[in-house]
Amino acid sequence: MSGPTNGTAGGAGTVARPAAPLPAQRSAGPVPPRGTVVVSSMASDAHTWNLVFLQLLIEELGFEVVNLGATVPDEMLLAECRERGPALLVLSSVNGHGYHEGLRVIRRLRADADLAGLPVLIGGKLGITGGESAEHIEELLGAGFDAVFDDRPEGIAAFTGLLGRLSERQAHELR
Amino acid sequence: MNFGDHVREVHARGALVVQPRMGMADPALMRAGLEAVERADADTVGTITLDSYTRTGDLESVRAALRDGVGLNGYPIVTYPAAVTRGVVAGLAERGFPVQVRHGSARPLHIFGALLDAGLHATEGGPVSYCLPYGRTPLDESVRNWEASCELAAEYAAERGVRPHLETFGGCMLGQLCPPSQLVAISVLEAVFFHGLGIRSLSLSYAQQTDAEQDAEAIRALRALAGQLLPDADWHVVVYAYMGVYPRTVAGANALLAAAARLAVDTGSERLIVKTSVESSRIPTVQHNVDALEYAAAVARDRRRQLAGPDAPPAAPADGTDSQVYREAAALVAAVLDGVGSGGVGGALVGAFKRGLLDVPYCLHPDNAGRSRSYLDEAGRLCWAELGGVPLQGIAPVRPGRRITSGDLTKALCHVQDRFDAVALDRGADRPVGAAEHEILEGKPA
Chain A
1 MSGPTNGTAG GAGTVARPAA PLPAQRSAGP VPPRGTVVVS SMASDAHTWN LVFLQLLIEE
61 LGFEVVNLGA TVPDEMLLAE CRERGPALLV LSSVNGHGYH EGLRVIRRLR ADADLAGLPV
121 LIGGKLGITG GESAEHIEEL LGAGFDAVFD DRPEGIAAFT GLLGRLSERQ AHELR
Chain B
1 MNFGDHVREV HARGALVVQP RMGMADPALM RAGLEAVERA DADTVGTITL DSYTRTGDLE
61 SVRAALRDGV GLNGYPIVTY PAAVTRGVVA GLAERGFPVQ VRHGSARPLH IFGALLDAGL
121 HATEGGPVSY CLPYGRTPLD ESVRNWEASC ELAAEYAAER GVRPHLETFG GCMLGQLCPP
181 SQLVAISVLE AVFFHGLGIR SLSLSYAQQT DAEQDAEAIR ALRALAGQLL PDADWHVVVY
241 AYMGVYPRTV AGANALLAAA ARLAVDTGSE RLIVKTSVES SRIPTVQHNV DALEYAAAVA
301 RDRRRQLAGP DAPPAAPADG TDSQVYREAA ALVAAVLDGV GSGGVGGALV GAFKRGLLDV
361 PYCLHPDNAG RSRSYLDEAG RLCWAELGGV PLQGIAPVRP GRRITSGDLT KALCHVQDRF
421 DAVALDRGAD RPVGAAEHEI LEGKPA
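One line per chain: the protein sequences are A and B, in this order. Counting along the first sequence from 1, when you hit position 91 you're at 91 in UniProt numbering, and nothing is skipped either side. Counting along the second sequence from 1, when you hit position 300 you're at 300 in UniProt numbering, and nothing is skipped either side.
Accuracy of the hints is not assured; some may be wrong.
What follows is a list of derived Cβ distance ranges for each label pair [stated by the list, open to error]:
no., chain 1, residue 1, chain 2, residue 2, range
1, B, Glu-60, A, Glu-135, 19 to 29 Å
2, B, Arg-403, A, Gly-85, 25 to 35 Å
3, A, Asp-74, B, Gly-87, 33 to 43 Å
4, B, Asp-117, A, Arg-82, 33 to 43 Å
Output of the computed footprint for chain B on chain A, the stretches with three or more beta carbons under 8 Å from beta carbons of chain B [stated by the list, open to error]:
no., region
5, 34 to 46
6, 69 to 76
7, 95 to 105
No wet-lab data here; the hints were simulated from the structure. Given the structure is predicted, the values throughout are model-derived calculations rather than measurements. From the three backbone atoms N, C-alpha and C, an ideal C-beta is built for every residue, glycine too.
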C-alpha cells in the first residue's frame, strides 16, 4: 500500500492520497480489537512513511497492527506471520522493486503450508517506469495476492473499503 | 582535487555548488549522465547514487538483475569491477568535476572498499542517519561498520596522499517531521563521529523543512556548533532541497526548489542538492536533473545579487547562537557528548538512543525509543508535540498530548506540497506570497 512517502537516497518520492477525506475513528470510545494485521515492507524497500500511515489507518479501523518496518527479509516476514497468525498481511512497496519482490514473496507465502490461505494485499508504487501495467497486476493476482492497489488516489479508498468488509466478516465470525 | 577543497573554491568566488541525485545501472548511461551534469550551466559536482540492493548488501539480487536485464534503481558499484567504475569517472575530477557516491547504507564497508578501489574519495551518510530511518540493522552494528569504514578511508588517505570527504546525512532523518533542532544535533554529532575517526574533510547536511525562517535559524545553529566542535577541520554546509512529499505541479516544485536555493544563499551555505520538477511522479531523467541544477543556480545568482543590492533585506545576525533552534540543538549535543566514554562518540550515540535522549518521531526502527512526537504549529513551524525522554524540558515548548490520526499525519506530511501547489495553482490569491516567489512562478526570477 502506498501512503504519503518521502524521497530517500535511492529514489524519487511519490504520493498517493485519498480522493476523499479519510474515515474518522468509528467511535469515541475504545474499539474492541478486530484481529491483528501485519504491515510490512519487503527486503529492498527502505521507505517508512507509507508504513506509519497504514498503521494509523488500520488501527483507526479497529485492528491491532504489528508494523514490521523497513527492509524486511523474506524469512523474517514468513516467521512473523507464522508466529502471529494475523487476519491479514498488508505489503507496501514504493521503491520501484515491488512487482518483482511481490512475486517472489507471494510465491514463498503460498508455498508455505501455514500461510497458503492467509489473505495478503500489496500496494504502492510497484514498478520502476511509473504506473502499473494491467498485465503486471494480473500476474500479481495470479501468483496469489488477494488484492493489488496501484499508485492512484483511489487506492486508499478501495483499501479502507476492503478492510471494512474484512472486519465485518470477522465480527460476524466471532459471534 | 579533494571534494571539499573544490566546494570551498567555488564558494570563495561567490557561487553555490549544486548537485543532483542520479544513479544508472548501465556504466555508459552513468557516464553520460555525469557528463551532462558537468556541462550544465551551473557550478556542479557529480553524483553516483547506488541501487537499493547494493545498499542492503543483497549482491545476489544485483547479479540476478544484471543477468536477467531487470532494471536497477541505481549504479551497482560493488558488483562491477573497479576498472568499470574507474572508466565511468575517468578524467572528471582532474578537470574540476569531482564525483560523490551516495548510497544509504547502514553497513557501508563493502561500498567504501569499492569506491576507494575505483579512486573515488567522496561519499556520505552516517551511523545514525543511514541506520534508523531506512532499515533494521541494529544501531550498534551500524556504528561499528561505520567506524571500520571511516578507518578504511583514513588508511587509504594516508597511503595515497588524498583526503577523503564525508558528508553527514543527519540533517535529513526521515525527510520530514523531525524537529530542526534534532536534525542539527544529529548532523553535528555525525560530523564529530567522522572527525574522531580521522576524517578531516567534512560537510554537514540540513534538509529544508516547513518554515524558511526556522530553517535559516537551524542552519546558523549548525554552523555555530560545527565551528565550536570541529575547529581544525575543513567543513562546509550542504542544504538538501525538501526531502518530503513534493509538490505535484511543476511551478510548485520549482518554487520549492527556489526557496531551498535562497535558503542556501541567505545562510552562507556552500552546496545545495536539488530535487527535480517531476519529483512527485517519477524518477527524473538526466535532462530533468540538468534543468533543476540550472534553475537552482540561476535563483542563487539572483539572490546573491539581491542581497548585495540596495533592496537587500536586513542582514541576519552573524552569530547563530541566539535562537530557539540553537538552544535546543546545543542541549541535545551536550547531553549526548556527556555520555562519551570508552566507546567514543559512536558508543555515546548508541547510549543516547537507548535512553531516548535522541528520539526521532515516527521512526519505526527497533532501536529508536519512539516516544517523541512532532507537529506543525499554526504558523507552519515544526515543533515537538511530545518529548518522551528527549532532555529539552524547560527548553522546548511542547503541546499537550493529542492522538495523531492518519488524517493528521497525511496533512502534516503534505503541508509543504499543498502550500506550494496552491501557490502555483492560484497564484497565492488567498495567502501572503513574497514578490520574488510571484516572479519565479511567472518565470522571471527576481
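Here is what the structure says about each hint:
A C-beta distance of roughly 27 Å is found between Glu-60 of chain B and Glu-135 of chain A, which places it inside the suggested range of 19 to 29 Å. The beta-carbon spacing between Arg-403 of chain B and Gly-85 of chain A, approximately 28 Å, falls within the hinted interval of 25 to 35 Å. For Asp-74 of chain A and Gly-87 of chain B, the hinted distance range of 33 to 43 Å is satisfied, since their beta carbons lie about 35 Å from each other. Evaluation of the 33 to 43 Å hint for Asp-117 of chain B and Arg-82 of chain A yields a pass: the beta carbon distance comes to about 42 Å.
Residues of the region 34 to 46 of chain A with a Cβ under 8 Å from some Cβ of chain B number 4, which satisfies the need for three, so the listed coverage holds. Coverage of the region 69 to 76 of chain A by chain B holds in this model, with 4 residues showing a Cβ closer than 8 Å to a Cβ of that chain against a need of three. Given a C-beta distance limit of less than 8 Å, the hint that chain B covers the region 95 to 105 of chain A holds, as 4 residues qualify and 3 suffice.
No hint from the list above goes unmet by this structure.
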